[in-house]
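Visitor: Order-wise, the sequence lines are chains X and B.
Take the first sequence: its position 6, counted from the start at 1, is 6 in the working numbering, and no numbers get skipped.
Take any residue in the second sequence, note its place counting from 1, add 1000, and you have its number in the working numbering.
Some hints could be false.
Claimed, not checked - Partial chain X-side listing against chain B, Cβ under 8 Å, derived: (1) G36; (2) G38; (3) S41; (4) T59; (5) R69; (6) P88; (7) A108; (8) I134; (9) L138; (10) V141.
Said to hold, decoys possible - Computed list of lysine to aspartate or glutamate pairs in EDC-like fashion (alpha-carbon distance at most 20 Å, straight line): (11) K146(X) - D42(X); (12) K1009(B) - D68(X); (13) K146(X) - D68(X); (14) K1009(B) - E30(X); (15) K1009(B) - E1040(B); (16) K1009(B) - D1045(B).
What the hints contain is simulated information worked out from the structure, not anything from laboratory work.
Owing to the predicted nature of the structure, the values given are computational and were not obtained by experimental measurement.
Don't be surprised by glycine CBs; every beta carbon is placed ideally from N, CA and C.
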Amino acid sequence: MAKEAKIETRGNESDAVAADPIRIGDREFESRLIVGTGKYSDNDVMMNAIRASGAEMVTVAVRRVDLDRTKEEGILHHLDPDEFFLLPNTAGCYTAEDAIRYARLGRAAGFSDWLKLEVIGDEATLLPDTQATIEAALVLVEEGFKVMAYTSGDVVTALRLEDAGCVAVMPLASPIGSGLGLVNPYFVREIKRRCEVPIIVDAGVGTASDACITMEQGVDGVLMNTALAAADDPVGMAHAMRLAVRAGRLAYLAGRMPAREIAIPSSPTRGLLD
Amino acid sequence: MIQVRLNGKDREIEADLTVMDLLESLELNPHMVVVELNREILSRDVIADVRVEEGDQVEVVHFVGGG
């Protein structure tokens, strides 16, 4: 398993993280955790959770302004685009054509040409339509978008998305909003082994151990939303996730011991008393 | 007055409004929204010049919370 960076920890966690940024496209981020902004009941809690998570990149959705309740505010009234790097998504799109339309609207907001591409193929599982995702990616990359593509655990699709020019490929851990954790570690390891672009596991992480186990597979980052927004204490969970992503990354880089189904004593077997 | 389709609903608005005028009448900050007119995105540079016509389809979108 290739380890891209050996890092010096010197017992100081913040040094370790500072020495291990993630590069996506032409940008670099200190945090390997990307968080969403959906489903929070309270905007102050959301902002506190985002800050506690340490995430620099934050996803947002594009929707109609509700004209019957014009006092309702968009997310930009809470989320400062100078403080966080906004990643518009195409959530809710079921065709390549719709995703392209939403992507263009998101870019027209004027912050960047980055995009989380998501084309859903099945309403019950919210699993991606991988064929439509590849189609949309080809068009959007041609238009200059930096596409981070949400996809299934299928390595062939991941390779096609990389070939299409996506700056990151984002396989799911388990279905969106399910909190089931990483149901198939082999799939994400295989995608990580085969692709050169960063692999960010997006969707399905439910709690801190899920995030840690996911990062231990050697992937480059994790994207989550519901795990924070639906926790009893989103700010507390965001703090836990920040540590879990860091712990999983450090454990991966440190290289785990081989697992074996026999016990081997840790203490000397010689020098025992008669 | 003219009839337009605004965010999926039929609406009567004053004739001869620019897109900027329309946003102002809706109390929307043009820097916080993106406007699509008949499926074409309007850049902010032109919204003060483009007029809304009878039968136009106008979509006004913004960023909301999402994952």
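Visitor: Please go over all the hints and tell whether each is borne out by the structure.
Guide: Verification of the hints:
| no. | hint | verdict |
| --- | --- | --- |
| 1 | G36 | holds, 3 Å |
| 2 | G38 | holds, 4 Å |
| 3 | S41 | violated, 10 Å |
| 4 | T59 | holds, 6 Å |
| 5 | R69 | violated, 11 Å |
| 6 | P88 | holds, 7 Å |
| 7 | A108 | holds, 4 Å |
| 8 | I134 | violated, 22 Å |
| 9 | L138 | violated, 20 Å |
| 10 | V141 | violated, 19 Å |
| 11 | K146(X) - D42(X) | violated, 31 Å |
| 12 | K1009(B) - D68(X) | holds, 11 Å |
| 13 | K146(X) - D68(X) | violated, 34 Å |
| 14 | K1009(B) - E30(X) | violated, 44 Å |
| 15 | K1009(B) - E1040(B) | holds, 18 Å |
| 16 | K1009(B) - D1045(B) | violated, 26 Å |
This entry does not satisfy hints 3, 5, 8, 9, 10, 11, 13, 14 and 16, going by the numbered hints stated previously.
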